[in-house]
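**Q** Please build the complex by placing chain D on the supplied structure of chain R, with the hints as guidance.
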Amino acid sequence: MKLVDKPVISRQVMARELGGEIVILDLASGNYFGLDEVGARIWKLIGEGKTLGETLDILLAEYEVERPQLEADLLGLVERLEAQGLVSAPAKG
Amino acid sequence: MKTPSSYSLGGYGEMIAPTARMHGYLRALRSAIRPGDVVVDIGAGTGIFSLLACQFGAGHVHAIEPDDSILLGPSLAAANGFAGRITFHQRLSHQVSLPRGADIVVSDLRGILPLFQHHIPAIVDARQRLLAAGGVLIPEKDVLHAAVVESPAVYERYKTPWLQNEFGVDLSAGHSLVVNQWRKARIEAAQLLTASQIWAVLDYRTIESPNVSRELAWTAQRDGAAHGLGVWFDAELGSGIGFSNAPGQPELVYGQAFFPFERPVELKAGDHVSVILAANLIDAEYVFSWSTLIESGDSQVKARFTQSTFLGEVISPAKQKRMSACYIPSAIEEMEIDKLCLSLADGARSLGDIARALSQVFAHRFQRPQDALAYVAGFLEKYEPAAPADAVDQHHRK
Numbered sequence: 010m011k012l013v014d015k016p017v018i019s020r021q022v023m024a025r026e027l028g029g030e031i032v033i034l035d036l037a038s039g040n041y042f043g044l045d046e047v048g049a050r051i052w053k054l055i056g057e058g059k060t061l062g063e064t065l066d067i068l069l070a071e072y073e074v075e076r077p078q079l080e081a082d083l084l085g086l087v088e089r090l091e092a093q094g095l096v097s098a099p100a101k102g
Numbered sequence: 006m007k008t009p010s011s012y013s014l015g016g017y018g019e020m021i022a023p024t025a026r027m028h029g030y031l032r033a034l035r036s037a038i039r040p041g042d043v044v045v046d047i048g049a050g051t052g053i054f055s056l057l058a059c060q061f062g063a064g065h066v067h068a069i070e071p072d073d074s075i076l077l078g079p080s081l082a083a084a085n086g087f088a089g090r091i092t093f094h095q096r097l098s099h100q101v102s103l104p105r106g107a108d109i110v111v112s113d114l115r116g117i118l119p120l121f122q123h124h125i126p127a128i129v130d131a132r133q134r135l136l137a138a139g140g141v142l143i144p145e146k147d148v149l150h151a152a153v154v155e156s157p158a159v160y161e162r163y164k165t166p167w168l169q170n171e172f173g174v175d176l177s178a179g180h181s182l183v184v185n186q187w188r189k190a191r192i193e194a195a196q197l198l199t200a201s202q203i204w205a206v207l208d209y210r211t212i213e214s215p216n217v218s219r220e221l222a223w224t225a226q227r228d229g230a231a232h233g234l235g236v237w238f239d240a241e242l243g244s245g246i247g248f249s250n251a252p253g254q255p256e257l258v259y260g261q262a263f264f265p266f267e268r269p270v271e272l273k274a275g276d277h278v279s280v281i282l283a284a285n286l287i288d289a290e291y292v293f294s295w296s297t298l299i300e301s302g303d304s305q306v307k308a309r310f311t312q313s314t315f316l317g318e319v320i321s322p323a324k325q326k327r328m329s330a331c332y333i334p335s336a337i338e339e340m341e342i343d344k345l346c347l348s349l350a351d352g353a354r355s356l357g358d359i360a361r362a363l364s365q366v367f368a369h370r371f372q373r374p375q376d377a378l379a380y381v382a383g384f385l386e387k388y389e390p391a392a393p394a395d396a397v398d399q400h401h402r403k
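Top line first, the protein sequences correspond to chains R and D. Counting along the first sequence from 1, when you hit position 4 you're at 13 in the working numbering, and nothing is skipped either side. Counting along the second sequence from 1, when you hit position 276 you're at 281 in the working numbering, and nothing is skipped either side.
The hints are simulated quantities; they were obtained by calculation from the structure and are not laboratory data. Treat the numbers as computed from the prediction; the structure is a model and nothing was measured. A hint or two may mislead.
[Claimed, not checked] Lysine to aspartate or glutamate pairs mimicking EDC-like chemistry, simulated, CA-CA at most 16 angstroms apart:
id, chain 1, residue 1, chain 2, residue 2
1, D, Lys324, D, Asp175
2, R, Lys53, R, Glu73
3, D, Lys164, D, Asp175
4, D, Lys387, D, Asp73
5, R, Lys59, R, Glu26
6, D, Lys146, D, Asp208
7, R, Lys53, R, Glu63
8, D, Lys387, D, Asp343
9, D, Lys324, R, Glu63
10, D, Lys326, R, Asp66
11, D, Lys326, R, Glu30
12, D, Lys146, D, Asp73
13, D, Lys324, R, Asp66
14, D, Lys326, R, Asp45
15, R, Lys15, R, Asp66
16, R, Lys15, R, Glu71
17, R, Lys15, R, Glu73
18, D, Lys344, D, Glu300
19, D, Lys326, R, Glu26
20, R, Lys11, R, Glu71
21, R, Lys53, R, Glu30
22, D, Lys273, D, Glu300
23, D, Lys324, R, Asp14
24, D, Lys326, R, Glu63
[What the hints assert, rightly or not] Partner residues aside, some chain R positions facing chain D, computed with beta carbon under 10 angstroms:
id, residue
25, Glu30
26, Phe42
27, Lys53
28, Val74
29, Pro77
30, Gln78
31, Leu79
Every residue gets a Cβ at the ideal spot worked out from N, C-alpha and C, and that includes glycine.
So that you can see chain R by itself, here it is in the shape it has in the complex:
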């Protein structure tokens, strides 16, 4: 996925937050996935319909981190989420 993409969370996925972290249940596979605090923030922004570029800008404002590093981390996480079928990218931002 690229920064212009707007990931969409699968309808087969349920997520719940506790203590700033998120656990995702993929109803189709029965597998659970955990996201740490930053991952949870990314998940919420995806859920709000943000593009990855918008998500990146928001995170840059919230965390002290260099843009290239954060971009790599963001795209890496979204790639893993996509590989598990938890998100997809049908619409362009």
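**A** Below, chain D without anything else, positioned relative to chain R:
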């Protein structure tokens, strides 16, 4: 309707009440059984269907039930003159093998709904392994229905004490959890705000997946407060025989299921309600999810909810992490204790022998011998076969 761990003998007794359920099963068995047939009774409880099958001419019955209630079966069989015609297997059905395929497999492994624990996988397994080609399944089919319900009394359990209580304390955080839990309810026909829609058809003769998902849509037939969904099933047992636990039908042991909305929504006749209702078997239990959109007749959104039993339990972040496939368990002493337990359970040592060894190696953990014995007995219980040997083999050697 059997849960091996939760039914008392009294509970099994109540299920034998002369209701439409029992009469339906009785008629279906009588209709299906031919003289000499082999019948398998899965989730047999004390074996009532097995006894009836013998009454109707079955040549032999295999009664399968993991719960200790099955231990009453042999004396009941003897009292009815069927000793030797029923083999009792205190096991789960997937652990049982038979010398020949059965002509009939009868079961009631439902809970409040047929979507209950391993009901469907057990039936699929029995159909493939235990039932002869061309054999009969009882039931053949369950049809699940859903409708929008107005029931202040049922919804009261979601409001009190969470949103209102006489103690002046704020418990509202609990409300967001409990509204993700469904419950057994008695729903009256007059409480339905809409006609019913078919949610799922579970045809046990062909079913493969235990999961169900479908978008349902209703139009409110009258004004009223929508508190949630009522879900129930009609059973088709075969040859046109069946029973219904729909609202308005005589009360059965199952009751109906009530899935609450996050908050009651005032409906006007003509309003639209659509729900994606899904049930997914995760491990041994179903996760039910219901996503709701309520619109007025002119398509104004009145409410939108996303609810799931996954969201309905208090669970710690640490436990959440342990559920993830990415979680790496820490090596702790408890594992070493269990490893030693398993290594010593070699079929020769007694529990006392194992407990003594454990208390020597982990003296700081087990300060009294009985502590080690209680631990070992509890830990190894799940590995103990319920019956000392395969009862089928014993029977056929006679």
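**Q** Which of the listed hints are not met by the structure?
**A** 1, 2, 5, 9, 10, 12, 13, 16, 17, 18, 20, 23, 24, 27, 28, 29, 30 and 31
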